[in-house]
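**Student:** Spelled out, the chains give:
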Amino acid sequence: MRWILAGLVVAGLLFWWVTEPPSLNPAALPDHVADSANGELFFHAGSCASCHGEDLAGGLNLHSDFGTFVVPNISPDSDSGIGGWSDLAFVNAMMLGVSPGGRHYYPSFPYTSYTRMKVQDLLDLKAYLDTFQPVSNNPGPHELDFPWNVRRGIGLWKMRYLSQGPVVADTSGSSEIERGRYLVEGAGHCAECHTSRDRFGGLELNQWLAGAANPDGEGRVPNITPHQDGLAAWSESEIAYYLESGFTPDFDTVGGSMVAVQENLARLTDADRKAISAYLKSIPARP
Amino acid sequence: MYRFLLMICTLLFLLPGSQLLAGDSPQEQRHELMEQSKDAAKPVGGMLKGEMEFNAATAMASFESWATVAGEFGKLFPEGTETGYDTEAKKEIWTDRAGFEVELAKFDEAVSRAIAANPQSLDELKAAAGPVFKSCKSCHEAYRVEKE
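Protein chains in written order, with the numbering used here: chain R, 1 to 287; chain S, 1 to 148.
Calculated directly from the structure, the hints in this document are not laboratory data.
Because the structure is a prediction, the values reported are computed rather than measured.
Among the hints, a few may not be true.
Here are the computed distance ranges between Cβ atoms for each label pair [as the list claims (entries may be wrong)]:
| hint | chain 1 | residue 1 | chain 2 | residue 2 | range |
| --- | --- | --- | --- | --- | --- |
| 1 | S | MET60 | R | ALA37 | 37 to 43 Å |
| 2 | S | ASP96 | R | PRO287 | 34 to 40 Å |
| 3 | R | VAL70 | S | GLU53 | 16 to 22 Å |
From the three backbone atoms N, C-alpha and C, an ideal C-beta is built for every residue, glycine too.
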């Protein structure tokens with residue numbers, strides 16, 4: 001009995017130790033003059049407004065198998081928003097999924113992709129968020145079932161699923177494909193919808209962008225690898241035109257949750273949309 | 001007589017539901033009108049993408065084709081046509097008719113403006129067709145489910 005108890009205590013301590021939310025070293029932040037115009041591009045590439053709202057005030061409910069997440073206010077309001085946050089706090093949230101109070105965020109906030117963003121681009125993004133009007137709004141807590149309501153447990157999940165390295169290593173030395181990879185795997189968080197998940201909700205990297213069940217219910221989120229089940233028949237310029245206009249090569253329209261994403265991508269530069277298309281045509285084709 | 005009736009019933013039963021409604025069912029007409037909208041969008045999109053040379057008459061023919069659709073489409077959603085013929089119409093068309101009418105009006109207005117603008121260059125075409133394309137998308141977003 002005593003041994004079992006001791007075992008439990010040791011296991012508990014170990015759990016507490018390995019799930020300790022980390023923080024970046026302040027020295028990791030470069031000297032950087034923030035460029036809010038570049039920040040605006042990443043705001044659109046990241047579709048922040050699709051979840052946090054055009055005014056950033058939050059309040060949207062995201063339903064999932066684990067319960068309901070309520071999207072927080074990220075306007076520069078110092079009480080209910082993120083107005084008082086330091087640069088370091090913001091970068092910790094976006095790259096490590098850790099709050100200023102040292103708690104883990106749920107991956108319903110797609111930092112699992114944003115973690116691949118460059119610190120400079122994140123600082124620019126923060127400068128852009130700072131140009132918004134502060135809105136006082138407290139959307140309230142998530143409604144999650146046990147054990148998902150224990151944030152500390154996310155530490156274990158992150159050990160397995162949070163990684164900053166690129167997913168598709170080979171860009172054939174093309175700087176265009178590299179830019180596309182950066183946008184798709186990072187800010188664009190395309191895989192969060194287009195890649196299937198295992199039973200713990202982690203992305204199946206060996207099925208990268210090969211389509212997934214649609215969390216909205218009907219149908220599937222399509223395969224966007226260059227496989228015949230995916231974008232094999234689409235030329236690079238057709239993909240770019242789709243991202244710009246929302247029309248498929250057959251002149252049907254974009255639908256579902258891709259509409260908001262497409263409208264955000266329409267605000268990037270032609271070169272960036274071309275880079276995204278070049279990357280999508282270069283990745284391994286999967287059924 | 002009884003055998004004959006039974007045979008008719010069996011035949012009707014064997015035919016898929018969609019075929020029973022074949023011909024002029026509202027579901028089928030809806031589908032045809034949308035296919036027509038798509039075919040009208042192809043040359044306009046081709047010009048905008050630079051795959052096709054600008055041609056004012058072709059563009060105008062597309063606008064007029066959309067105008068026909070805008071005039072007819074709204075009449076094709078009577079009660080009882082919520083399903084059948086693999087319709088992609090969302091039930092919201094029947095539960096939120098007013099919202100659907102707003103989308104129809106947006107489409108109709110964008111098309112009327114495009115016709116009035118009578119674009120004579122690629123830039124003018126872009127300005128005229130943009131709002132129409134936008135209205136296709138926003139109506140689909142709210143009132144159409146895509147099926148594979």
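**Student:** If I claimed the Cβ atoms of R/VAL70 and S/GLU53 lie 16 to 22 Å apart, would that claim hold in this structure?
**Tutor:** Given about 52 Å between the Cβ atoms, the range is violated.
**Student:** Is 37 to 43 Å right for how far apart the beta carbons of S/MET60 and R/ALA37 are?
**Tutor:** holds, 39 Å
**Student:** Does the Cβ pair S/ASP96, R/PRO287 satisfy 34 to 40 Å?
**Tutor:** 39 Å Cβ-Cβ, so the 34 to 40 Å window holds.
Hint check: a violation occurs at hint 3 only; the rest are consistent with the structure.
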